[in-house]
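**Q** Here is what each chain is made of, one letter per residue.
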Amino acid sequence: EAQVTQNPRYLITVTGKKLTVTCSQNMNHEYMSWYRQDPGLGLRQIYYSMNVEVTDKGDVPEGYKVSRKEKRNFPLILESPSPNQTSLYFCASSSLGQGTSGTEAFFGQGTRLTVV
Amino acid sequence: GDSVTQMEGPVTLSEEAFLTINCTYTATGYPSLFWYVQYPGEGLQLLLKATKADDKGSNKGFEATYRKETTSFHLEKGSVQVSDSAVYFCALSPRGYQKVTFGTGTKLQVIP
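Chains D and R, in that order, give the protein sequences.
Per my numbering, the first sequence starts with residue 1, numbered consecutively.
Per my numbering, the second sequence starts with residue 1, numbered consecutively.
Chain D with its partners taken away, still in its complex shape (with noise of 0.2 Å):
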């Protein structure tokens, strides 16, 4: 089955504790990026990659690292994690675009991220 795996669903940390959310993906995709979901701010990039060891920023990237060493992980980092980073988080992948058409993003089940 196609899926974006993300783990944990549910995590509740401490200001300045480093952790990773992990994301794996089986569909040999390329493409693979990071959001955030806030009440009426919907879904804001927060980092992507176009291929192993390519990765850029996204809208909201202060605060975060990833990296992309395979090419089914790419895991999001918050080293130094605050309160405002409290929030929903969702890994997604896609495969390059073939010339002009879009493509479907497949989005893995969430990470709900609580920092206290």
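One thing to keep in mind: the hints can contain errors.
Claimed, not checked - Subject to a maximum C-alpha distance of 25 Å in a straight line, what follows is the list of computed BS3-like cross-link-like pairs (lysine-lysine): (1) R:Lys60 x R:Lys107; (2) R:Lys99 x D:Lys69; (3) D:Lys71 x R:Lys99; (4) D:Lys69 x D:Lys17; (5) R:Lys56 x R:Lys68; (6) D:Lys69 x D:Lys18; (7) R:Lys77 x D:Lys65; (8) D:Lys17 x D:Lys65; (9) R:Lys99 x D:Lys57; (10) D:Lys71 x D:Lys57; (11) D:Lys57 x D:Lys18; (12) R:Lys52 x R:Lys77.
Just so you know, the hints here were simulated from the structure itself, not pulled from any lab data.
Fit chain R to the known structure of chain D by using the hints.
**A** Coordinates of chain R only, in the frame set by chain D:
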């Protein structure tokens, strides 16, 4: 930059009512347009898409038509069901790029 504006919710409808969720966009060129749906406790999943002007995307009884002249992509369904209760996101992706820009989402609640 690119942006998507959709009507604020929540929208509450009785079962079998007609649904319209408005969506307008700002983008250069000819982006691809999408509607994603998020059921409670789940991630987003693609509902329908359209990749060029006048294209109509459809799925599960939902429809949306790519209107370049009005930069709109309104979502419609003729008869909603309780199982359609979810949050609906309008989104766009510039041609040749993967980044998706989302609207703020519209929560739909359908009551029996």
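**Q** Decide if the proposed pair is consistent with the structure: D:Lys57 and D:Lys18, CA atoms, cutoff 25 Å inclusive.
**A** Satisfied, since the Cα-Cα distance of roughly 20 Å is no more than 25 Å.
**Q** Would the hint linking R:Lys77 and D:Lys65 be met if the CA-CA limit is 25 Å?
**A** violated (41 Å)
**Q** Is the hinted pair D:Lys69 and D:Lys17 satisfied, with a Cα-Cα distance of at most 25 Å?
**A** The hint holds at about 23 Å.
**Q** Does R:Lys56 pair with R:Lys68 here, judged by a C-alpha cut-off of 25 Å?
**A** Roughly 12 Å separates the two Cα atoms, so the pair holds.
**Q** Is the straight-line distance between the alpha-carbon of R:Lys99 and that of D:Lys57 25 Å or less?
**A** Holds, at roughly 11 Å.
**Q** Do the alpha carbons of R:Lys60 and R:Lys107 lie within 25 Å of each other, as the hint requires?
**A** holds (18 Å)
**Q** Would the hint linking R:Lys99 and D:Lys69 be met if the CA-CA limit is 25 Å?
**A** holds (21 Å)
**Q** Would you mind confirming whether the straight-line C-alpha gap from D:Lys69 to D:Lys18 stays at or under 25 Å?
**A** holds (20 Å)
**Q** Need the status of pair R:Lys52, R:Lys77: alpha-carbon distance at most 25 Å?
**A** holds (21 Å)
**Q** Can the restraint linking D:Lys71 and R:Lys99 be considered satisfied, given a maximum Cα separation of 25 Å?
**A** Since the Cα atoms of D:Lys71 and R:Lys99 sit roughly 18 Å apart, the hinted pair holds (cutoff 25 Å).
**Q** Can the restraint linking D:Lys17 and D:Lys65 be considered satisfied, given a maximum Cα separation of 25 Å?
**A** Holds, because 14 Å separates the two Cα atoms, which is no more than 25 Å.
**Q** Compare the distance between the alpha carbons of D:Lys71 and D:Lys57 with 25 Å, and conclude whether the hinted pair is satisfied.
**A** Holds, at about 18 Å.
Violated hints amount to a single one, hint 7; each of the other numbered hints is respected by the structure.
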